[in-house]
Every structure is written in C-alpha cells, then in structure tokens.
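Colleague: Given two chains presented individually in distinct reference frames, assemble the corresponding complex, making use of the accompanying hints.
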Amino acid sequence: MDEEVPPLVPQVTIANYWSDSDDEIDEEEWAAYQRSLMFTDNNSSFTLKYIIEKEKYSGTNFLEWHRNLGLPFKMAKRHYVLDGPIHFVLSINQQGKVRLTRWYSPYSHNQRSKVIRELSGMILARGPKLCNIHEWRGFKVVYRRYASLYFITCINQDDNELEILEIIQYFVETLNRYFGSVCELELIFHFHKTYYILDEIIIAGELQESSKTTVHRLIDAQDSIVEAAKEKENTVSYIIAQVAN
Amino acid sequence: MGSQGGFNQSKEFLDLVKSIGETRSKSEEDRIILNEIETLKRRINDPDIPKRKMKEYIIRLVYIEMLGHDASFGYIHAVKMTHDDSLLVKRTGYLAVTLFLNEDHDLIILIVNTIQKDLKSDNFLVVCAALNACCKLINEETVPAVIQQVVELLGHQKEAVRKKAVMALHSFHQRSPASVNHLVLNFRKKLSDNDPGVMGATLCPLYDLIAVDVTPYKDLVASFVNILKQVAERRLPKTYDYHSTPAPFIQIKLLKILALLGSGDKKSSEQMYTVIGDILRKSDTASNIGNAIIFECICCISSIQPSPKLLESAADAIAKFLKSDSHNLKYMGIDALGRLIRISPEIAEQHQLAVIDCLEDPDDTLKRKTFELLYKMTKSSNVEVIVDRMIDYMISINDSHYKTETASRCVELAEQFAPSNHWFIQTMNKVFQHAGDLVNPKVAHNLMRLIAEGFGEDDDAADSQLRSSAVESYLKIVDDPKLPSVFLQVICWVLGEYGTADGKYSASYISGKLCDVAEAHSGDDAVKAYAVTALMKVYCFEKAAGRKTSLLPECQSLLEELSASHSTDLQQRAYEFQAILNLDANAIENIMPLDASCEDIEIDKTLSFLDNYVQTALEQGAEPYISENERSGTLNISNITNRSPYEHPTHSLRFEAYEVPKPVVPTKLPPADTYPTELVPVSVPESSYQPTLSSGPDVGSGSGSNELRLRLDGVQKKWGKPAYSSSSSSSVSNFDSRTTAVNGATQSDHVTAKSRELRQPAVDVSEEKQKLAASLFGGKTGKPERKQSGSAVAHSKASRTTNHGEDKVQQPTTVTTAVQSPPPDLLDLGEPTGAVNSYSSVADPFKQLEGLLDLSQDGNAGTTSSSGPDLMALYSEPSGQNQKDNMNSAPNPSNHAASLSKGPNLKDALDKDALVRQMGVNPTSQNPNLFSDLLG
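Each protein sequence line maps, in turn, to chains A and B. Under our numbering, think of the first position of the first sequence as 27, with each following residue one higher. Under our numbering, think of the first position of the second sequence as 519, with each following residue one higher.
Looking at chain B on its own, in the form it has when it is part of the complex (with noise of 0.2 angstroms):
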C-alpha cells in the first residue's frame, strides 16, 4: 500500500491530515482541530448519515482525540457503531471506543450488552474485536457480565481467541481479584495449551498472581524450568525466533517469573541453576535481544539463592555491559551492577573506573543511574565523597522530582553514615540551602538538636567550638534572600542561643542580622517568630552578663511591628520580650539561662509552692479543689480527652515547644561512632577559617586508625570481604603510624584537589579517576603501588593548597602525639584532644530534648513571673497528679532512653505542653504532630 494510494477517506479528511502537517505551532494545530470540531459537531448528529461517512466521522474523531483534544460530544457515537452488524463498521466502532472511554466511563454500560453478543459471534474475527474492547472498558461492576462468556472463550478452537479470553481475564484480575480468583485454575490449565501465543500470554496473569503470592505456585517451578529449557532449545516454532533468538519475549518473562519464585527458596532455586547457565551462555551478547535476556538472567540471579558459578558469570555479563560502547548497555550494567552488589558487593571493585565514567557521563539517564548506585553501596567509608558528589548534582538538576529524591537519599545518607557531626552540620547547610524546601522539616530540628547537644559529651570546648563555627557559617549565608523558611528557622534558633557565646560577635551584630532577617522574610510567621525569640535570647544573655543592652531602633521597630501583627502567637512573643527586658537581670538569668537548651527542667508539677496559698485560702473558708473530672462527671476519659480542647485551641494561642527532632543520628551510628564525636570538633575553627575544607572529607581524613574514620583504612575496606578487611585495614594503619605527618596531609590534600577537580575539568583525567574510585571503592587491594603514588602526586600537586593547613599545625612536634593516640586529625593537632577519649558519659536524651523548650531551669520562677498563665497551670494539675512518679522518675536516663525506643509517650508529652503553654515562650510551628516529633 502506498502513501495515499489505497486511501479511502474523503478529500475534506485528506486535507484535514495535511493541514495539520503543515502547522508550524501547536496553537496553529489546535486552531484547526477547533475548527474541525466544530465541522463534525454539526454533521455527527444528522440523524440519517450513511454508515461509510459515520466511520469516516468516527476516524476524524479518533484523530482528534490522539492529538489531545476533546472529542466526547462524539462518543455516544462510536458507542452506537459498535452495535453494527458488519464487522468493517463494529471494528472502527470497537477502535474507537477503547480509544475513547477508560474503564470508568458512563457509556461503558452501553456496550456490555454488544459485547456479550458479540462473544458469541460464529465469526471468530468479531469475537477477537470484542475481547479487545474487554481487555480495555469491562470494569469491576461490569465484570460479571461477561466474565462467564470469556471463560468458555478458553476452550475456542482459534487460538487467537483463546489467548485473547486469557488476556482479559488477566484485565479483570487487575480490576477485580475477587471476582476471578474462582478461576485462576484456568491459567495453570492454559499453561500448558498447544499453542506458544496462548501459553505466553499465560504467563502474563501468572507473573502477576506469582507477584502477589508465591506460595501456592511452587509446584510450577519445575514446569516453568522445562518449558523455559525447551524455549531456549528452539523447540518452539520458527515463528517465534526474533533476530534469531528463539522466543526471546517469553524467555523474559519466564525468568521474571522464575526469578519471583526463587526468591529466598533454595529448593526451587536449586532447579533453576542450569537452564540460567544455559541461557547465560548462549544468548548473543551482538544484539539487543540478547543482552535484554542476559540483563534478565542477571536479575533472576540476583534475586533468587546466590550460586557460585551463576554470579560468576553474572559479574563477567555486567563486565562486557560496562565495558559496551553503547550507553544502554551501559546503563543496564549500571542497573545490573545494582542488584548483584546486593548479595556480593566485591564484585562492584572491578568495575570501578567504569562506574566513575558513568558519573561523569554527559548523559543524565546514566548519571542518575549511576548516583542510584552509589546511593545503594554507600558506607561509612566513602559517604563523604558520595554525598558530595550527589549535592553537586542536586545543584545543577532543576527537575524538582529528582532534585527532591537526591535531596532526601543525601539526608538519609548522612544520617546514617556521617562520620563527624560537624561535617553532617555542613552537609545539611548545602542541602537546606540548595533543595530546603524540599526536605522534610525533621532534619532541620535534627540539625538544631545536634548543634546544641554538641556531641553529647562534656567536651565544652569543642562544643562551643562547633557553634560557633555552626555561628559563623550562619552568618555568612544569612543574607541570602532565597534561603528557605526551614533553614532560616535554624539559622535563627542558632544564632539566638549561641551569636554571641563566644563573644566574637557582638549582640548588636547578632541582633541587627535577627532583624533583618525578620525583615526580609516578613511574609513568615514562622521564621518571624523564631527570629524575634531568638532576639529574646540575645538582649537577655546580654542583660543576664551584666552589660548595657539598648534595643536598636530596627529591633524597636520591629517590635511594635509584631505587638500589632496579626498573628496572636507574634504579638505574644513581642508583648513577653518586652516584659523580660524590664525585668532584673537576675530574673532575667533565671528566665533565660545561657546555653540551656539541653539542661532538664525539674517540674514541681504538684505545685508545692503554692501549698501554703492554699492552706490559707482554705481555712479562710474557700472551697476545697474539685478536679475537672468530677466537676463535669466524665471520670472515665482519659487525660488525653480531657486535655484536648487546650493540646489544639483555636489556633488563637499556639504555645508549642520549639520541635525537637528524632534522635536518629545517634541511634542509627553504629556504637564505634561515638569515639569519633569527640575528636571532630577540634577540627571546627580550621574549617571555618578554610571553607573549602568545610564540606567535609578533610574531617575524617587524617582522624587515626579507628576504622570509621581513617579514609584510607575505610577505603581499603569498601569492597571487601570481612576476613581480607581486617588484614588489610592493620596493614593500613601500620603504614598510617610511620608515615602519619605526610599521610594526613596527603590525604586531605588529596580531598582538596579533588574537590577542586570536580569543578574544574582537570588534565590528568585517568589520575583523577583512579583517586575518585579509589575513595569510593577502596582502591585495588593488588595495586597498593598505584594508590600510593596516586596520593603522593597528589601531595606534591596540592602542597601549595596546604599551606594554610600545615600553618595551622603550627607544632611539629604534635605529630608524635597524634602517633600515639591514634585518632587525632592531623588538622586539628594544636588542639588537645587525647583526653576526650576516655569520656563515657552517655547523654540523656531526655534531658535535652527537655532542655531544648528552652526554659529556665527553675519551672516555678518561670511560672510566677508571668501571672496570668498560672491559671492554666492549675487547670494542668489534675492530670498532673497522675503523672508525678512519671516526671519524678524522669531524670533517670536509662528509664527513658528505654521510653524514647519506645515512641511517643503521650503523658510526658503533655505535661511537657502544660509546662510550655505556662511559660509562653516558644516558637510555634503549623505541624499538628508537634508532640510526636518531640519524643521521637
């Protein structure tokens, strides 16, 4: 058939196709389909139209509706055609309706009944027609009709039919499973129909109800094996071969199948080993059919019980994939390489170099495979580099749906892997500051807690150091006007607690940023109220030291702003701040302690103090207590119902804590990763004179032998095997101890320059590689040679870049100390960091989370110094009484790290509110889950 030759349509649709062809915008195409709309809306409903014009009508509506445009006035139509008694009209009919409709559509109704006839049809072509538009329109409520009919389809002497029938029971199935689980007998018997069509169409159905449950089709193991073996054996028709590959489609499937059934069954898996290895062997790596049913036997044998010898030629399949030319190829090793590094991560070692030249591929399918995974193999060892590299990317996508993705697997990657806290503080700035509103608020509490946590040690200098650097890097950021609410909330929670701790700042300075910052964001609440909090705290440490604070003018203005807003919760915060200021600076230190954040707050929730008040009132003749619960004689609610009207008033007055985030960095590091905590903050002050080292690998790089932190010995380990690790890492740290001074450089060197090369194409392209691939694989345990001249060019290359760092180490003499005591970063040797070690203390949790409402450590002076709340505090008591032995056992750590594990403890949580709601001094935020965020 030539181009227009056997063309049957009138001139008028002709020129239609053509007009279209020739438009040059889509507003040009649409302009023309308008028209033709129009043209047919007029004609379709000529009541006696001939039946060849009507199909015509029905093909322009079809073409209408495949370049986007609505074509419904016409479907009642289509509908209508599909009654027709000749085949030629029923087909158009039957094309167009499942074009048209989706399952759900009114009309649908209109065609059971054609269908049903037409089931019946003698002619077998009609009955093909009508299973089509089976597959496509009959839904759940429809199913019943028709469901009888297709059954006895099964049975047609026309194959086509009967793989037709099993393709729409395959569609009811997906729509109803209820209604055709009677009848899932009927694949297993069609497995085994005569015709190949038939029998690979089963296995369609099959591979789905296999998917949902595996266990009751274990005994067709065996059964799909043999037919897959006798496939793979061309004992199927000459018909079947594609590019010369026998029945490559049903191959496919038949593995997809296999693969689910192997899973974790050693039995099944057992019989399946030689017929893979067959196929392994003999697909033709030349086409592209082949390698789909190499990929597939990868698949299955990553999926089903590891064999030896199969995950063998698995990794020599991905081998010739990565090394392929063809970026398909490539990207189905990469994918490959994924699955497989699941059960045996040695063999990714191999591919290294071939991996590193994915990620820098110019071709972004490939680039994002490849961060999915490194995402998958990240470890302690090579996180830093990973998550840089995936924040660099993040920086440079602008599709928001992967931007977020690699956003979330970066926070979930150095939550579970940061080998320093403070590099985790900076690794959560870059991804606040590039996709923050992109990520879930928690982390940004997460981050909160940690900076005022420190590490959970009494190492105060190192702690401060870390705010302040945590300060520092705040401030630098803080004027950028694109900053997301989440991190600017941080920024000014930090910045309050800890702008002027160290007195490098001065309040003024802090406060001015504070009220810029309001200033800027003035269209935020939230960040509002965390910034004018935060002044709070400024103006009161400062008054609380004894120096002379005066409000500065935008700081004045900026309160008679908020005493007028709007918002009751910023007019609170405004009306409390300047009530505090008027206050002693006694009072003042009480109310606002410095760094306080993390201290418990004892409670006297029976509210002892007031017991002599009382006892006075009551033998003046007042009326003694009666608790809510007996006044309003509910006294079967629980203390949650009878706190709820005040847990989420009418949104008028929010009193909520500051949200404190989940512990999950230090529940999720593994127990040796509390060693490092205490000796990475040393590093704080070089890192913020030095941002470039800021990211982070400089932290852990020269950090001593522990295994989570020295890079070389983590690098040396990646890939390997348990047993081969330990020796390799011993070697490492021998050869650590005698070279440690240039070794430590080196390596952060090494970091810097790569850092650098990233950025900036570098020459030596294979050197560049090799130190990437060994950061992120460990380099090749039969090459140490080439690693260590590796890190050696690197030194000489990058000596100049260290000069600042060597500055900093300042005494050489140190070097031996860091020889002695093993963990020490070399960056940080002026520091005195050997005695950390020994601390044991285990934080409470409990205890900061409490201390981070940022009360006062006396509840009761916070209490009397604002009357008016007291009353609410009265309200609280009764359920208070309840939770005394609660609050009372409190302090005990081990009680409540075990509540913590727990979940949520609704009690503590609202006592924890009546205490916040008393105060009135806390941030608000919109989250309902308040409390539940708070204990984790």
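One chain only, chain A, in its complex shape (with noise of 0.2 angstroms):
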C-alpha cells in the first residue's frame, strides 16, 4: 500500500516550517486539561470543571479547594477507562503541513495547533526503522508514514498499539479503493470527503465498523445521492445559481 507519491511541493525540513511558531506548550495548562480529559462526566457537581470553574482557589480557602479537587481525582481510574480509545486522528505531510484533523476528545483551538506543532516535532524527526510508536505525555501516539503522509493517531497508555496501526491502515486502504489510487493531492482537494469516510470508520473515537465493504456501500450510496443532486444542478438550479452569482 505505500505507493509511491509525487511530492506536492519542494521539500522543505519541519523544522523551517514551524520554527516561526510561537510559544512552547504551557505545562501547567497541559496537566490541568489532561485531568480534565479524564472527567468528562458532567454529572456529579464534583467535576474538576465544576471545581475549577465555580470553586476558584482564592488564597484562602487552599484545603477546601484541595479536598474537593481529590473527589474527582479518586474517580479518575474510572473515567479514565471511559474515554474512548482514540483521542484524535492527524494526518500531516513530511513537511508538517496539516492534512487531516479529527478530534474525538474536546480540545481547544490553542490546544490543537501546540499538539499539531509538538507532535509533528518529534514525529518527522523519528528515523525510519524505529518504531511507529511514541509515548507522549502520558498518551502513545502511533502514526503510520505512506509516502509523504504521516497518519497519527493518539490513544491510551494501555491500548493495543499493533491494532491502532492496523486502524490506520485500513483506514487508508478504505481511502485507497475510494480514491482509485490515493495520494497525498486527493487529501488535499477532496480533505471533506476524507472526513465522511473516516466518520463511517470511526466514531467517537472507537471503531465502528469493521467490513471494507460495508463501509463502500454507504460511501457509495451518499455519492449516488451526491451525484443525482449534481445532475440536477446541472439543469435549472445550476442557471438559476449562476445566474444569482
């Protein structure tokens, strides 16, 4: 399946690409939002949002603050286990360009581009034999490399790494029959259509559906319905459009 792709672009190393980007990844910021990932439930009013929202550590109020903080830190094990398995799907190119993004945990936008930035960092940096796992702040990132594309995906300390990588490439050989013979250009133009396959795959973070075909069937039958909607366009609507413009 690593066919061979032209390179869209010169190639330029990674480290020119983002070494203008700004600041370093806030630590402290990071801890937090890694607890916070695992305290997605928004039920008990326990939650270390709820702690840290409405119960602002004001100076004086350290050991009340400290011993409600421990409350959803004792839940942590399980919530843990509640997250789903894949915390979010990137593909980058060798040149750290973004390619795809799916995220299944709730990240912020500043919180995206610092993971974009730092993974694509260490990742493009990895020699070629080394393994396609990397353990990064308390997650494991496996990523896959076809071509010039880099496919990542971040999941748990205890997941299957092997199987995660299988993911991905099932993944691309379901890009693969879709596209004919994909490349990075088809990520590049056709970047929504790779979403709605990889949402038939994948869904909140756990696979979903494990058959190529059945996955082609569906594609196939959102294109015909894609393909009829063009016809017409074609017709009056299309003019009229036109028209309109």
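Treat the hints as calculated values from the structure; they're not laboratory data. Heads up, a few of these hints could be off.
[To be verified] Taking lysine to aspartate or glutamate pairs in the DMTMM-like style, the calculated list, with each CA pair at most 20 angstroms apart, reads:
{"hint": "1", "chain 1": "B", "residue 1": "Lys-756", "chain 2": "B", "residue 2": "Asp-713"}
{"hint": "2", "chain 1": "B", "residue 1": "Lys-571", "chain 2": "A", "residue 2": "Glu-161"}
{"hint": "3", "chain 1": "A", "residue 1": "Lys-238", "chain 2": "B", "residue 2": "Asp-713"}
{"hint": "4", "chain 1": "B", "residue 1": "Lys-571", "chain 2": "B", "residue 2": "Asp-533"}
{"hint": "5", "chain 1": "B", "residue 1": "Lys-894", "chain 2": "A", "residue 2": "Glu-161"}
{"hint": "6", "chain 1": "B", "residue 1": "Lys-921", "chain 2": "A", "residue 2": "Glu-144"}
{"hint": "7", "chain 1": "B", "residue 1": "Lys-885", "chain 2": "A", "residue 2": "Asp-249"}
{"hint": "8", "chain 1": "B", "residue 1": "Lys-676", "chain 2": "A", "residue 2": "Asp-249"}
{"hint": "9", "chain 1": "B", "residue 1": "Lys-569", "chain 2": "A", "residue 2": "Glu-257"}
{"hint": "10", "chain 1": "A", "residue 1": "Lys-155", "chain 2": "B", "residue 2": "Asp-533"}
{"hint": "11", "chain 1": "A", "residue 1": "Lys-155", "chain 2": "B", "residue 2": "Glu-878"}
{"hint": "12", "chain 1": "A", "residue 1": "Lys-238", "chain 2": "B", "residue 2": "Glu-878"}
{"hint": "13", "chain 1": "B", "residue 1": "Lys-894", "chain 2": "A", "residue 2": "Asp-185"}
{"hint": "14", "chain 1": "A", "residue 1": "Lys-155", "chain 2": "B", "residue 2": "Asp-843"}
{"hint": "15", "chain 1": "B", "residue 1": "Lys-894", "chain 2": "A", "residue 2": "Glu-199"}
{"hint": "16", "chain 1": "B", "residue 1": "Lys-894", "chain 2": "B", "residue 2": "Glu-864"}
{"hint": "17", "chain 1": "B", "residue 1": "Lys-569", "chain 2": "A", "residue 2": "Glu-253"}
{"hint": "18", "chain 1": "B", "residue 1": "Lys-885", "chain 2": "A", "residue 2": "Asp-184"}
{"hint": "19", "chain 1": "A", "residue 1": "Lys-155", "chain 2": "B", "residue 2": "Asp-879"}
{"hint": "20", "chain 1": "A", "residue 1": "Lys-155", "chain 2": "B", "residue 2": "Asp-881"}
{"hint": "21", "chain 1": "A", "residue 1": "Lys-166", "chain 2": "B", "residue 2": "Glu-890"}
{"hint": "22", "chain 1": "A", "residue 1": "Lys-155", "chain 2": "B", "residue 2": "Asp-875"}
{"hint": "23", "chain 1": "B", "residue 1": "Lys-756", "chain 2": "A", "residue 2": "Glu-199"}
{"hint": "24", "chain 1": "A", "residue 1": "Lys-166", "chain 2": "B", "residue 2": "Asp-882"}
{"hint": "25", "chain 1": "A", "residue 1": "Lys-166", "chain 2": "B", "residue 2": "Glu-923"}
[Unchecked claim] Computed from the model, here is a short list of chain B residues facing chain A with C-beta under 10 angstroms:
{"hint": "26", "residue": "Val-580"}
{"hint": "27", "residue": "Leu-585"}
{"hint": "28", "residue": "Ser-604"}
{"hint": "29", "residue": "Ala-678"}
{"hint": "30", "residue": "Asp-711"}
{"hint": "31", "residue": "Asp-713"}
{"hint": "32", "residue": "Leu-754"}
{"hint": "33", "residue": "Lys-756"}
{"hint": "34", "residue": "Asp-853"}
{"hint": "35", "residue": "Arg-886"}
[Said to hold, decoys possible] A partial selection of chain B residues facing chain A, derived with a Cβ cut-off under 8 angstroms:
{"hint": "36", "residue": "Leu-534"}
{"hint": "37", "residue": "Val-535"}
{"hint": "38", "residue": "Gly-539"}
{"hint": "39", "residue": "Ile-577"}
{"hint": "40", "residue": "Met-584"}
Every residue gets a Cβ at the ideal spot worked out from N, C-alpha and C, and that includes glycine.
Modeller: Here it is in structure tokens:
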C-alpha cells in the first residue's frame, strides 16, 4: 500500500516550517487539561470542571479546595477507562503541513495547534526503522507513514498499538479503494470526503465498522445522492445559481 | 476520481489550497489563512448566497479550522446548513458542526431540533448523518431530547442505522451514565444482532460497562467465548476478513472484554482457556494484525487466572516478538513481558539479552518502555544497576514529563530497595542534582533525616563517617550555580549540622561556603533561611568548643543584609544569630548542643519552674490565670480550633520546625535490612576518596552472604522461584567464602568497569551485555561457567582500576576475618565491623524526629534565653495541660512507634509547634502541611 506519491511541493524541512511559530506548551495548562480529559462526566457536581470554574482557589480556601479537587481525582481511574480509545486522528505531510484533523476528545484551538506542532516535530524527526509508537504526555501516539503522508493517532497507555496501526492501515486502504489510487493530492482537495470516510470507520473514538465492503456501500450510497444532486444542479437550479451570482 | 478531475469547487478555493501547498513556513500559511478569513467574513454574511456557494464557504471554513485557525464567525452558518432539506447540503452542515463544535458549545441547542427531525427521516442516510452528529454533539443536557428516538432506531431495518444507534447510545453513556443506565439491557440484546457490524459495535459499550463493573456481566462469558470461537473459525462473512485474518478487530475487542471478565475469576477463566489457546496458535505471526491479536491474547492471559499451558505459549510468543527485527514487535514484546512477569517472574530470565539490547537501542520509545519494564522488575538485588541506568537516562533526556517520571521512579525504587543508606544518599544526590525541581520535597527531608539519624544504631564512628562523606560530597557540588532549592536546603542543613564535626574543615571555610550559598541564591528565602541557621550553628559549635571565633566579613555583611530583609523570618534569624553569639560559651552549648538534631527534647509543659514566680505573684494579689477557653466562653471548642489563629499567623512570623520527612525507608525495608545498615557506613571514607566507586554498586558488592546485600547471591536469586533460589544462594555463598578476597574485588571491579563501559561503548560488546544482564536478571543458572569467566575477565581487565581500592584494603589478614564474619564489604576491611552486628538497639523514631527540631535538650533553657516568647508559652499552656500525659509518655518508643504508624498525632504536633515558636530558631517553609509531614 505504500505507493510512491509525487510530493506536491519541494521538500522543506519541518524545522523550518514550524520554526517561526510561537510559544511552547504551557506545562501547567497541559496538566490541568489532561486531568480534565479524565473527568468528562458532568453528572456529579464534583467534576474537575466544576471545581475549576465555580470554586476557584482564592488563597484562603486552600484546604477546602484541595479536598474537593481530590474527589474527582479518586474517580480518575474509572473515567479514564470511559474515554474512547482514540483521542484524535491527524494527518500531516513530511513538511508538517496538516492534511486532516479529527478530534474525538475536546481540545481548544490553542491546544490543537500546540499538539500538532509538538507531534509533528517529534514524529517527523524519528528515523525510518524506529517503532511507530511514541509515548507522549502520558498517552501513546501511534503513527504510520505512507510516502509523504503521516497518519497519527493518539491512544491511551494501555491500548493495543498494533491494532491501532492496523486501523490506520484499514483507513488508508479504504481511502485507496475509494479514490482509486490515493495520494496526498486527494487528501488535499477532497479533504471533506476523507472526513466522510473517516466518520464511517471511526466514530467517537471507537472503531465502528471493520468491514470494508460495508463502508464502501455506505459511502457509495451517499455519493449517489451527490451525483443525483449534481445532475439536478446542472439543469435549472445551477443556471439560476449562476445568474444569481 | 483523478486529482482535480471531479472537483466541484470554485477556482478561488482551488487557488487557496494551492497557495497553502506552496507555503514554506507556518507563518506564511497563517498570513494566507488570515486573508481568507477576512474574505469569508465579508461574504458569508451576505443574506442571499446560493446554497451551493454557501456549501463551498462552509467547506472553506472547515479547511481553515483544520489548519488550526478560529472560524467561529461561521459556526452559525454551518448550524443553519443542517436545517436544509437537501441531504447533500445537510451532510456538509453536519460534517462542519461535528468538526467545529465541542459538546458544550452554546450553538448545540439550535441543532437538537434538527437532529430530532432527521432521526425520524425515511431516508436512512439522513438518519445516519444525524446519528453521526449525535455521537459528537449531544451532551448531558440534550441527551433526554433524543435518547428515545435513538433507542427506537436500535430496531431499524438498516444495519448501518442500528450500528450507529448503538454507537450513539454508547457516547451518551460516556457523557451521562445516569440517563442511559436503564437502557443497558439493549446493549445485551444487540449482541445477538444478525449483522456482525452491529454486534462488533455493541462490544464497545459493553467493554466500557464491564470495565466499570464486572459482576452483572459474568453470565455473558459463555456468549463472548462462543462468539470469539465462531469468529476465529471464520464463521463471519468474508467481508470482515482483514489481511486474511477473520474479523481481527472484533477478536481483539472480545479478548479485551474476556480479560476483564476473567480477572480474578477462576470459573470464567477456565471457559476461555481453549479459545485463547486456539487463537494464539492459529494467528498469523507474519502479519501485523496477527501479531496484534497475539499481543491481545498475551494481555488477556496475564489478566485472567493463570493457566500454566497458556503462560507457556504466551512466553513463546513474547520470545518471537523480542527476537523480531521490527521495532514495533520488540516494543510489544517488552510491553507484554512487563505484563507477564507479574504472574511468572521467571520468564524474563530467558529474554535478558534481548531486553539489554532494547535498553541500548537508539529508539527512544523502546528505551523508555524497557525502563518501564526494569522498573517493574526491580528487586533489592538489582536495584543499584537499574537505578544507575535510570539516572543516566534521566540526565540524558530533556522532556520534563518523562524526566519527572523517571526521577520519581528512581526515588521510589531507591526508597524501597536501597541496599544501604550510603547508596541511598548518593543516589538522592544525583537525582536532586539533575532533576531537583521535579522531586517531591519530602524526599529531601528524608535525606536530612537519614544523615542525622545515621542508621539508627549507636555506632557513632560509622555515623560520623557517613556524615563527613556527605559533607564532603556536598562541599564539592555546592558551588554549582544550578542546584535546585530543595537540594540547597539539604546541603545547608547538613553543612551547618556536621560541616565542622570531623574537624577536617575549618569553621571559616564552611561558613564561607554557606555565605556563598546565601549570596548566590539571594532570591530564594528558604535557602537563605537554611543558610543563616546553618551559619549560626557553625559559630555556636565553634564557640561552645571554646575556640576563638570571629565572624567572617561576608558573614557579617550577610547578617546586616538579612537584618534589614523584607522577610521577617530572615530578620528574626539574623537577630537571633547576633543575640546568641553574644552569649557565653556555656549558654551557647545549651542552646545549640553539638549533633543534637536527633536528641529528644524534654519539655516541662507545666512550666513548673515558674511555679515559684506564680506563687509569689498570687500571694501579692495577682489574679489567677483563666484559660482562654473560659475567658472566651467557648468551652467546647477543641484545641485545634483554639490554636489555629496561632497555628497559621498572618505570615508575618513563621516559626516552623525543620520539615522532618516521613520515615519511609526504614518502614519499607524488610527487617533483614537493618543488618546491612550497620555495616555499610564503613565504606564511606573509601567512597569519598573514590567518587567513581561511590555510586553505590560497590557498597553492597562484597558485603557478605546476607541475602540482601551479596550481589552475586542476589543476582542468582533474581528471577528464580523461591525454592530454587535458596539452594542457589547457599551454593554461591560457599563459593563466596572460598574465594572471598578475589570475589569481592572482582565484583566491585566488575561494577566499576561496567559503569565506565556504559559511558564509552566498549569493544567487547557481548561480554559487557552479559554482565549487565547478569546484574539485572541474575545469570542463567544453567551456565555458571559463563558468569564466572565473565567476572574473571572483568577482574583482569579492571585490575588496574582497583589498585587504589586494594591500597585501602591494605591488610590482607583481614580477609580471613571477612570469611568468618560474612557481611563486611571487602573494600572496608580496614574498619572494625564485626562487633556491630550484635547491636539490636531500636531507634526511637519519635525521639529522632523531635531531635530534628534542633532545640536544646533542655527546653527551659531555650525558653528563658529569650524572654519575649514566654508569653506565647503561657498561651499554649491551657492546652498543654490536656496533653501533659501525652507528652510524658513521649519517650516510650513503642508507644510512639505506634502513633507514628497511625498517622499524624495532632496534639503532639501542636505541642511541638508551640515549643518551636518559643524558640524561634527553625527554618521556615511554605509547606502548610508541615506538621502532618513531621509526624508522618
């Protein structure tokens, strides 16, 4: 499946590409974020979010604040399990340009670009023969390279890395079958279609369908509607739209 | 579809994508995108944009978001788009909102209505799109709005809809378990769905449910086993095959579930053995996915009730992983090994060389994983090698996340398995030096306590040697400008307490160093406080010893500076220092007795020495004292609340005791370990002369046949079963006694040589690895010759390096002594050690803790020496009354050992605090939990 793909643009090293980006990741913010990831259960009033927002540490209430904070932490183990196995799927090319991002756990804009920057730096720097796994901030990042493209997923510490590697492969094979012979260009210009396909395979961080045929049948069904719509457009409405423009 | 053939977007968008493709830096890309955002902002608010155009705008917004920019101005348009009738447009809208919005976004409320409508649609594709959006967007508040419809969809005729409905329910369950709990039964039903896709999807929520609580699902074990069997026998449609493996993802999920269900449950586990064995045998080891299944089988085997047969095949599978050329498989092998050694530790033995290979692999991920494995298999016999390696690794990495983790692991292992206190101190020094700011401050207190207490024995010579070696090592590194604050505090304290104790360094030298520290770290009040108190001690000891002392000029200027400090604590210390210096030698000796940090302080809480005074006052008509309780009329408030205003004053005056660490090490060590502690200090002087040897391994290397200390012995034991190990240890000790001299030297050489080799890649790789393996895992019992020859080689190789070591040994006659009394370290034969063994004195931890307060033995003398605090002492009196009994019983060791183990004793802590405040001589810290800390 590792077809040769003509690179879209001349090679630029990753260091150059991200070098002029700004600040480093704030460690504290990260630690807080990672904790918050574990407590997505809004059910109890003792969620981390609640404590951080409602019961701010004011300097005098240290003991109480600390105690409250401890409560959700005790439940951490359970909540950790409840998180879907895949936190996000990224695709970047050799220069560190983003080709696809799908976040299954809540990340803010800032965090997103920080994650991408940090991961692209780390992963693109790794040699070809090393293992496709990188332990990162208490998570595991599993990546796979196809010609100039890297597909990256982030999973929990105790997940099966080989399985995730194969899920990536499965996704790429599906793309390949859909686009004929997939290359970076397809992802660039049809990124929304890539999203549709990804959504048929992984949902809420879980693998939902492991039969390629089923996925294709669904995608084809959706595409047939698109085709039908296009034909319609080509007649009346399209002309009207053109005029209106 | 070719590259741009079927492209349906405008030229404008194509140009955008192209120009992004041509950018050479992120900032260039950012500029283009900012432009694009401006353009879109202008256009998208145009009231009558044709749908098709709008769709393109939304896709452009998705593109902008994908590149990490904020397109929130267009979110509302994406939401509107989901309302559209045309599926084509609606689908784009749904895609955009799932990409844009998190589950807690305000706009979600606007989509719920649309989702509700779409879930009822006749077109299953519309329903699918809506369900997709459900998974991402429906939050706890909106779950009730759609849940009923989603449950109905579980019975939809299209399997795609059923599957997505299951996934949607799963995501609801993750967000708000309470609202879905009554529907859990549906998941069970869906397990028997006709469509394998739906069944596969159902495994996800079931896995989560089982992870939370296993018991309600025990009855499903048979069904899961049955499904797994059918899957493995290729009963599923061919379309689920992946790389000619039948439905691997479903198999993996099922194995995960079985691992949960079988954990600690013999009956369930037994049902699984056959099917797991079959899968393990059948899986294709050539393909990645086959290996993924094998790995999952190993995880499952290590989690359920162990079955010897399965363990064996798991070990074989691991062997294959580790022997593979693929780094991924090696990684998985290490991971699997880590899981399996918990059940059968002996399997690691056969893989020792492979593990060493991974440890030296250039791949950082693999290295980390291997360290994790080593961490899991650390025992007292291999702790030195492992911790040394971990520290080397910790120094080499920059990633603060892993640095912290490695540092805390080093500390944990050192605390748990330290073969000797000396080694512990050296290790802690290294950890502090390289990752000080990342280490828990308690570790520092532990270190201070260890140095102060010595080894809980009365062997003063050994203790003082340990101390002077600590002083020496600290003097060497104290000039390093980058030492972390906690470590500096330890250094200051030790220098103040023991810097001049052995007479090797003059008071002016030590105080010069301390002044340097205070000056170099002028921003750090805690360090300055420690430094000035240490200075005070140094001068007090000098004066008490009757030597003429004069303040160094820099010390004088430091005092002047601190007297005017903004920190009242520092001011107080400076003034006290000056006041105490003016007292006569006798008084000083009482205030600051030499090496009294571990002495017990007896406190006359009744202040009986004032009785006469009170009596006279009363006779002269003074009012009798009314306790504060009575005065304020709050009789029932406990002591704690009464005291609290004084406990945490408004940060103007803080008189807190030295933070004394929890007695972690002694409690965790096995009883046998008190044995080495008596002996090891002997090695101190040597190691201080020979820093290369000081890292630890030499200390324990030759120190006798005691199981915990004898390297060879421990090494042999490492992976063995109990029965086997005992026999091997005895054989080794025989061997040992025959050749003690050679062996001891060899061992330490071997370690030295190795520690060098670690730094500079040696020529003789395989031998080196074997040695490392031997020290980590214990040599293979089957090949004693190899190990012996290896060590012999090490001996000859390193004989020149040991020359100094042997110089110190000097008297060869002592070798015989060593044979008679097994424990001594050969390097330390010059020292009289044999007698120590007979000591059985029990250290009273409470005594020592209290001693650390560094007060004079006679509390009264301290109180009277500064008249001001007397008032406070009176304040604390009423509660003191209640606690008198408590205090009186303090010297009873057993009592207090018990109270220590039970946790902090508040009353004692309060007493101590009051006392300490009277004295006002202790360093401060920011730690509000000081007293819980103090009493562990």
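Colleague: Which numbered hints turn out to be false for this structure?
Modeller: 2, 7, 10, 12, 15, 30, 36
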